[in-house]
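Asks: In case you want the letters, here they are:
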Amino acid sequence: MKSKSLKRILTLIPALTLAAVFLLAPRPGRAEDGKSLSVGLNAGAAFVTEKGYGHGLRYGGGILWQPSPRFGLEVLFEKYDVPVNEGAEGLTPGEMRTNALLFNCLFYLTGRGLLRPYAIVGVGFYFIGYSPDDPVVGPPELDFVDRMALQLGGGLDVRLSSRLAITGNVRYNMVKTWVETLPRTDPIRDTDPTLQNILHLYALAASLGLKLSF
Amino acid sequence: MTGSKLTAAMIMMGLFLGNAIAGSVPGESTILTSYLIRSFSLSSRLPADVAPSATRVLVESPLPLSPSWPGFTPPAPQARAFHPRPWLAAAEVAGINLGVWAFLHYAGDAHYAYISWETMRDNFRDGFEWDQSRYFVNFYHHPYHGYLYYSAGRANGLGYWGASLCAFGGSLMWETVMEKFRPSINDLVTTTYGGIVYGEIGYRFSALVRKREARGVGRIWREAVGAIFDPVGALNRLLNGRDDSVSGAPGRPDDETPLHGEILLAGPVILRSASLEGAKAVPLVAFTLNYGDSAGKGWGGRPFDLFTVQGRLRWGPDRPHLSLSIAGVLTAKDLPSTGGSSHDLGVYQYYEYYGIDTLRLGSSSIAGGLTSLHVLSAKTQLKLAARLGWLVLGGTDDFYYKGPERREYNYGTGWLAGAEAGFGSRRFEYLSATWRHYGLFTLQGQKGSESWDIFQGQARIPVWRKLGAGLQIEYCERNIKFEDQEPGERRVFEIRAFVTCQF
Numbered sequence: 001m002k003s004k005s006l007k008r009i010l011t012l013i014p015a016l017t018l019a020a021v022f023l024l025a026p027r028p029g030r031a032e033d034g035k036s037l038s039v040g041l042n043a044g045a046a047f048v049t050e051k052g053y054g055h056g057l058r059y060g061g062g063i064l065w066q067p068s069p070r071f072g073l074e075v076l077f078e079k080y081d082v083p084v085n086e087g088a089e090g091l092t093p094g095e096m097r098t099n100a101l102l103f104n105c106l107f108y109l110t111g112r113g114l115l116r117p118y119a120i121v122g123v124g125f126y127f128i129g130y131s132p133d134d135p136v137v138g139p140p141e142l143d144f145v146d147r148m149a150l151q152l153g154g155g156l157d158v159r160l161s162s163r164l165a166i167t168g169n170v171r172y173n174m175v176k177t178w179v180e181t182l183p184r185t186d187p188i189r190d191t192d193p194t195l196q197n198i199l200h201l202y203a204l205a206a207s208l209g210l211k212l213s214f
Numbered sequence: 001m002t003g004s005k006l007t008a009a010m011i012m013m014g015l016f017l018g019n020a021i022a023g024s025v026p027g028e029s030t031i032l033t034s035y036l037i038r039s040f041s042l043s044s045r046l047p048a049d050v051a052p053s054a055t056r057v058l059v060e061s062p063l064p065l066s067p068s069w070p071g072f073t074p075p076a077p078q079a080r081a082f083h084p085r086p087w088l089a090a091a092e093v094a095g096i097n098l099g100v101w102a103f104l105h106y107a108g109d110a111h112y113a114y115i116s117w118e119t120m121r122d123n124f125r126d127g128f129e130w131d132q133s134r135y136f137v138n139f140y141h142h143p144y145h146g147y148l149y150y151s152a153g154r155a156n157g158l159g160y161w162g163a164s165l166c167a168f169g170g171s172l173m174w175e176t177v178m179e180k181f182r183p184s185i186n187d188l189v190t191t192t193y194g195g196i197v198y199g200e201i202g203y204r205f206s207a208l209v210r211k212r213e214a215r216g217v218g219r220i221w222r223e224a225v226g227a228i229f230d231p232v233g234a235l236n237r238l239l240n241g242r243d244d245s246v247s248g249a250p251g252r253p254d255d256e257t258p259l260h261g262e263i264l265l266a267g268p269v270i271l272r273s274a275s276l277e278g279a280k281a282v283p284l285v286a287f288t289l290n291y292g293d294s295a296g297k298g299w300g301g302r303p304f305d306l307f308t309v310q311g312r313l314r315w316g317p318d319r320p321h322l323s324l325s326i327a328g329v330l331t332a333k334d335l336p337s338t339g340g341s342s343h344d345l346g347v348y349q350y351y352e353y354y355g356i357d358t359l360r361l362g363s364s365s366i367a368g369g370l371t372s373l374h375v376l377s378a379k380t381q382l383k384l385a386a387r388l389g390w391l392v393l394g395g396t397d398d399f400y401y402k403g404p405e406r407r408e409y410n411y412g413t414g415w416l417a418g419a420e421a422g423f424g425s426r427r428f429e430y431l432s433a434t435w436r437h438y439g440l441f442t443l444q445g446q447k448g449s450e451s452w453d454i455f456q457g458q459a460r461i462p463v464w465r466k467l468g469a470g471l472q473i474e475y476c477e478r479n480i481k482f483e484d485q486e487p488g489e490r491r492v493f494e495i496r497a498f499v500t501c502q503f
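Chains as they are written, first to last, in my numbering: chain A, 1 to 214; chain B, 1 to 503.
Sample of chain A residues at the chain B side, in silico, Cβ under 7 Å:
#1 L150
#2 P187
#3 D192
What the simulated footprint calls covered on chain A by chain B, stretch by stretch (three residues with Cβ under 8 Å from a Cβ of chain B suffice, anywhere in the stretch; the number is not a length):
#4 117-130
#5 142-149
These aren't lab readings, by the way, just hints derived from the structure by calculation.
Remember, it's a predicted structure, so these values are computed and weren't measured experimentally.
A virtual CB, placed ideally from N, CA and C, is assigned to each residue, including glycine.
All chains, please: the whole structure from these sequences, using the hints.
Replies: Take a look at the structure:
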């Protein structure tokens, strides 16, 4: 009984603290102040929806340039590793490691204010690796083919001050690729994707982070 | 969702991205406000104690401004002018590419849309090549793609040359990074060149269709038809609000430029060469549109102030054959003339493709020439024109090709010569004739050279008002001199009866 109450209190404390910060945030922090460059760090989870793939921690960081209050261009690096389980097509259990360089457009619904929701449309270059739990010695080695993919999502900036904001977002990374056998003998453009077993490694990436503006 | 709808949605999404940026360009949406503040700032004219409040009232007041202080003369309102938005144009071009790519990759599952950092790196490393796409894709689809890029430039206030840069930049981006294939030199040329021509005539036609005073249903259908000619411009007008009173606003209605032409419907074949097959009642629809005055009068100093579009759809024995010839004036000089006649020396940009039976030719050319309009009597005119120029890039069928690849035509460069004549009286054209000669040296395909001669002539008589009937003759000759083949030629001709409506 005591432990339940303690848990509840422990859950409430961060929520109340966060609410107090929002409500007591200085006025300049709520208004548009013309700062156009921000750096951000964030962390969360990625859920790959293809059968046989799990979810894992994701983290990333990047730079956001806002040429105008309602629009931003973001260059973001993110990384997430998810388990490859039994049932994943063409692979034995192991781990999928993803590094991505993303170029996003952020469309803010409001140009100013404490809460600033936004939509995300962008493309990302995905560099995806695979390591089996029981490594095979020598060839053939399997790996995912790197891809460029579309991503769509949305998020919310909560401005704590003129320089600092908490940002949370959810993105859908739409990676279509296949597993290839290494070593590759020809350039990747000579491989016909229509003859491959295409995997839709679509990942729902949720993250929470901090953004510092200059 | 059908493919075309999805394509449209993707393109709109791309454009929306760009427009979202535009909406936030500082100053863009406040032209009216800044104008009012600038025009009616009274602080320097009023006593110090009343100036701040008076200024505030005037700026904030929604009522008409009528200052009546002694000695105050309101400055003349400045004409509002549209400021070009090159960055937004560039963003829209990139958005179009991303929208098309997303459609091809996710909805169409196109094999060439599987791109990555590696494919881009390889493309830059390996450089340009001649691609293997089909004739219709390279000479019709690619120019349409370029047309969207060009329209994005025009829709954001850029002129012919600025929008041409958009067509080039969009095509370059697509070729180098948006496909897994190596960039294609022929695609870059036809997308850019054809896109410029399609885009400019689409832009001009859309302005002709729109009408400033149109309201209600009339306005809706005019804007809708304008959107067919200039889809990117129409979407920009929709998203940004259309204020046609602003000087130089993109897509502003054009009430002044004349448009004349002819619609022709051909039926029975009277005579034709033995090699031509199929039904003798050949369904054929053709049209000619002359934008601006034909010679000497209509040149306003901007490219494509004068242009001609001639199109034809002929149902051949196996499939429809589409022919299109677009010629626009890039620059012109009026020569001295007497008696109402006019002579016009100009440089013309051509984009053409021609097809009859198995003879097909597509070309991007630039030519110089003279156009003369001789007034023979008060109601009789004779129009003559001659052209000579460079055929930048052309594509012709390669009948000898038996390989496994899809491309069955040669690429070449060479020259273009042509002549046109027309005789009319009382605003009815009785006789018209066009001759074109193309000489091509093969750049890719069968090594060697070839020449084409195409003649089209019409004789008509008026039947009732603007309706007429007549005979049409078409002759096409192709001579080939390929290194690995015997010299050869093919000639076809056809004489058809037709009805026509001139306007």
